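**Student:** Line by line, the protein sequences give chains A and B.
For what it's worth, our numbering labels the leading residue of the first sequence as 1, then goes sequentially.
For what it's worth, our numbering labels the leading residue of the second sequence as 1, then goes sequentially.
Don't read these hints as lab results, they were simulated from the structure.
From a predicted model like this one, the values you see are computed outputs, not experimental measurements.
A hint or two may mislead.
Said to hold, decoys possible - What the simulated footprint calls covered on chain A by chain B, stretch by stretch (three residues with Cβ under 8 Å from a Cβ of chain B suffice, anywhere in the stretch; the number is not a length):
id	stretch
1	44–52
2	65–76
Stated by the list, open to error - Here are the computed distance ranges between Cβ atoms for each label pair:
id	chain 1	residue 1	chain 2	residue 2	range
3	B	Ala61	A	Phe52	36 to 46 Å
4	B	Ala61	A	Ser68	27 to 37 Å
5	B	Asp254	A	Ser8	22 to 32 Å
Stated by the list, open to error - Here are the simulated DSS-like cross-link-like pairs (lysine-lysine), alpha carbons at most 30 Å apart as the crow flies:
id	chain 1	residue 1	chain 2	residue 2
6	A	Lys6	B	Lys413
7	B	Lys293	B	Lys255
8	B	Lys101	B	Lys62
9	B	Lys98	B	Lys355
10	B	Lys62	B	Lys98
11	B	Lys101	B	Lys57
12	B	Lys355	B	Lys413
13	B	Lys355	B	Lys293
14	B	Lys379	A	Lys6
15	B	Lys379	B	Lys355
16	B	Lys481	A	Lys6
17	B	Lys101	B	Lys293
18	A	Lys6	B	Lys355
19	B	Lys293	B	Lys98
20	A	Lys49	B	Lys379
21	B	Lys481	B	Lys413
22	A	Lys6	B	Lys101
Glycine included, every Cβ here is placed at the ideal spot set by N, Cα and C.
Listed here are the chains, written in short residue letters.
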Amino acid sequence: MANLAKLSLSEEEELMYTDQLGAILDHARDIMSLDTDDLLPTAHPLELKNVFRPDVETASLSREEVLSQAPASEDGRFLVPRILGEAP
Amino acid sequence: MGASVGLGASEIAELVRSKEISALEVAEEHLGLIESQDPNLNSFLQLASAAAIAAAKEVDAKIARGEDPGRLAGVPIALKDNLVTRGQTTTCASQILKGWKPPYSATVVERVSSAGAIAMGKTNLDEFAMGSSTENSSFGPTRNPYDLNRVPGGSSGGSAAAVAAKFAALALGSDTGGSIRQPAALCGIVGVKPTYGTVSRYGLIAFASSLDQVGPFARNVKDAALLLQVIAGHDSRDSTSLESPFPDLISHLDKGVRGLRVGIIEELIEGAAPMVGEALMASARSLSDQGAKVEHVSVPAVTYGLSAYYLIAPAEASSNLARYDGVRYGLRVDGQDMNETYVSTRTQGFGAEVKRRIMLGTFALSSGYYDAYYVKAQKVRTMIIDSFQNAYDRFDVLLSPTAPTTAFELGAKASDPLTMYLSDVCTIPTNLAGHPAMSVPYGLGENQMPIGIQILAPALGEVNMFRVAKAIENAAPTITKGLFWE
Chain A
1 MANLAKLSLS EEEELMYTDQ LGAILDHARD IMSLDTDDLL PTAHPLELKN
51 VFRPDVETAS LSREEVLSQA PASEDGRFLV PRILGEAP
Chain B
1 MGASVGLGAS EIAELVRSKE ISALEVAEEH LGLIESQDPN LNSFLQLASA
51 AAIAAAKEVD AKIARGEDPG RLAGVPIALK DNLVTRGQTT TCASQILKGW
101 KPPYSATVVE RVSSAGAIAM GKTNLDEFAM GSSTENSSFG PTRNPYDLNR
151 VPGGSSGGSA AAVAAKFAAL ALGSDTGGSI RQPAALCGIV GVKPTYGTVS
201 RYGLIAFASS LDQVGPFARN VKDAALLLQV IAGHDSRDST SLESPFPDLI
251 SHLDKGVRGL RVGIIEELIE GAAPMVGEAL MASARSLSDQ GAKVEHVSVP
301 AVTYGLSAYY LIAPAEASSN LARYDGVRYG LRVDGQDMNE TYVSTRTQGF
351 GAEVKRRIML GTFALSSGYY DAYYVKAQKV RTMIIDSFQN AYDRFDVLLS
401 PTAPTTAFEL GAKASDPLTM YLSDVCTIPT NLAGHPAMSV PYGLGENQMP
451 IGIQILAPAL GEVNMFRVAK AIENAAPTIT KGLFWE
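Input sequences plus hints: build the corresponding full structure.
**Tutor:** Structure representation (structure tokens):
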């Protein structure tokens, strides 16, 4: 799970989370036995569908202001470490 | 301490508009109190003193020019630090956003400012609003203004503590599973979670998008209604925002409760501490005395709320928090390659509770477990909505405790996440249903800590909910205990 969530855990943390997540999932067992065959899942409390805005151009955030908060940027773009693994 | 400290929002706005007091004096008096006393409470993460003074002067200038300064003219307000404020640090109490200055402001922040309210600063919370005690803040816990050894509740503990301590007349918080109502109860103030879609979520940093809703804190019911009135209403920048106009709450507040049908939720009394149960029954008697028809009602599915919530909310959170990757804003801890950068950034940037929920959510959504956990929880969500619907066929509003206990001591539940999660057992079902609910103080328990009564209503049932809240407030014993600084 930690790998999927892009987190790294120490051995100690692994033990702690295994215990704690186990206890939480045990508690969740109370809903497993409920008969829900005739129910549809609710993803969202509102019955809104297909909300569109008018297709009109509006001002967007200033590029400078947005990039000023980036850990690294170059030439008006976000700068990230190497994505592919090949040698430089 | 200045003359304006302790006045309610409606009173301050009235005095400022009639020039009996200036917005500048109000701001300076409140800032003075915060500067001298907040080091003991830790309710604010950042104070916006200079901006507050400038905004207060602008309100006074508008009044001098004969312009309308707005319904909240000169009223000091505190903002939970998961609401983005342009150019002003917004952290979500997380190391991963430490020092971040957002390039835009939340709709609710713009609305309170246009109404003339003075933003005093950003308040502490459990990291990413995940928690029930504000102990999960990575900048230290907030304390309860009635007893500094106890928690203020959470996750909006900083906002609740700031209003209770009279540092501000109003505050904004967010409520995903009880994060406004539970701290309001523990701090002896009013807190409201509006109907889902009533208040814009634009600029609220997302935790669980189908549950999150912004709402008000105030020291009385009328002020909470006033603030809700200012922030409610359609926003085209939030696609889950309702288009229907929001009703006028204040004109209905004093209509009384004669003839209203009030149901006490049996399932939520059972787990409550005896003093909390007694306060609930006393508040119910006061409603019958005022002409409401009060009965007990069973809403069986609410008991499954906690389990469904702790699968659905973490699932949504694990997806929402995937955006903290060290690329566009916030912390970056460089690694050899992009993947290592993601992992080191998130490992260093997130605290223990956030990691716990991300992993729980990742599990509930993972291939092989998705149907058994996530979809099952969503079906139970439907069951809870149906169960409420049955009750609302016979009742206008429902009553329960807001929290099973009064404020607990710092550290008392910190090592056991499940025990902490149980603090939200009464508030969670409302979020799953998308309904409104609010907490109103009802005196002190035998341990001299405040007790909150929760009033629940069907979707868009705010008018009746506030009428009942006002009636309970009228009958409630006053909180006689002094604040830590009084």
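**Student:** Hints the structure violates: just list their numbers, smallest first.
**Tutor:** The structure breaks hints 5, 10, 13, 16, 17 and 19; every other hint is satisfied.
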